[in-house]
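> Residues per chain, in single letters:
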Amino acid sequence: MDQSQFRLVIPSQTRYLNLVTGLAKRASLVAGLDDATAAKVSIAVDEAVTNVIIHAYGGEGEHSVELELRFTAEALEIHIWHSGRGIRGDQMVLPDPKEYIKHPRKGGLGLLLMSRFMDEVQFKADEVSGRNECCLIKKIS
Amino acid sequence: MADLSIAVRQVGDVAVLLPAGFINAHTVRDFEEGLEDLVEKGRYTILINCKDLSYISSAGLGAIMGLIETVREHGGDILLSNLQDNVFAIFDTLGFTQLYRVFTDEDQALAAASERKD
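Chains as they are written, first to last, in this note's numbering: chain A, -4 to 136; chain B, 45 to 162.
Keep in mind the hints are simulated off the structure, nothing from the lab.
Every residue, glycine too, gets a C-beta built ideally from N, C-alpha and C.
It cannot be assumed that every hint is accurate.
Said to hold, decoys possible - Here are the simulated distance ranges between beta carbons:
1) B:148 to A:17: 22 to 30 angstroms
2) B:155 to A:58: 45 to 53 angstroms
3) B:139 to A:117: 36 to 44 angstroms
4) A:4 to B:46: 34 to 42 angstroms
5) A:6 to B:84: 28 to 36 angstroms
6) B:129 to A:117: 23 to 31 angstroms
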């Protein structure tokens, strides 16, 4: 399978979010996705990296977040690795939008956006390295 | 250019808030403070004109969600206008267009806010 990829490592600081989302948007266009879909991918990446910085690392800025973008003929894959607190796939509880609207509150929407805007969202833990991964996949139609 | 700048002007009973730039976890506190400042001053009818807002993440949605009940309890509301396509997509995907009144432009939103007061 033809595949190309590259990696980016950023400090776990929200000031770099716009850099990452800009990259994700441009990468989506390079992968062949349209403008609207590229915008959605960039939002999903924003949410995933924000979760790492705020929740996995508790807002501590001295850690690192590693992103790898993989381009294949079938999909754009964005892998996000960190060494903070992980989440397992079975812990991913998505809020019900209808209930959310009835009872507005802060928080809880990031995972929902990620799942709605991407074709696949996977959370994995590597027990050997101790790192956690969030994988976002957008298929090229 | 700053990541996010916020301008506010008063049009009759409506406070018009104009965020310019993007709202994410890095800039959301400025946006939140802009909204909270209006509520503290008793300006409960707020129109967020999004014409210069290029991007909003769930952090920004949370800031709006956090105040919607307060303003409505005081007889006000939060209205939205001039949403760019990608910003509209976020609101629409989550079903929030049912929770907020969304208008094509500011004049329409101001007219609707005025009718509601009458």
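> Given the range 28 to 36 angstroms, decide if the beta-carbon distance of residue 6 of chain A to residue 84 of chain B lies inside it.
34 angstroms, holds
> Could one say that the CB atoms of residue 155 of chain B and residue 58 of chain A fall in the range 45 to 53 angstroms?
50 angstroms, holds
> Regarding residue 148 of chain B and residue 17 of chain A, is the given constraint of 22 to 30 angstroms on their beta-carbon distance met?
For residue 148 of chain B and residue 17 of chain A the Cβ distance comes to about 28 angstroms; the hint holds.
> Go ahead and decide if the range 34 to 42 angstroms is satisfied by the Cβ distance of residue 4 of chain A to residue 46 of chain B.
Roughly 26 angstroms apart at Cβ, these two residues miss the hinted range, so it is violated.
> Can you tell me whether the CB distance of residue 139 of chain B to residue 117 of chain A sits inside 36 to 44 angstroms?
Distance hint for residue 139 of chain B, residue 117 of chain A is violated at roughly 25 angstroms.
> Given a hinted range of 23 to 31 angstroms, is it respected by the beta-carbon distance of residue 129 of chain B and residue 117 of chain A?
Hint holds: Cβ distance 28 angstroms, inside 23 to 31 angstroms.
When each numbered hint is compared with the structure, violations occur for hints 3, 4.
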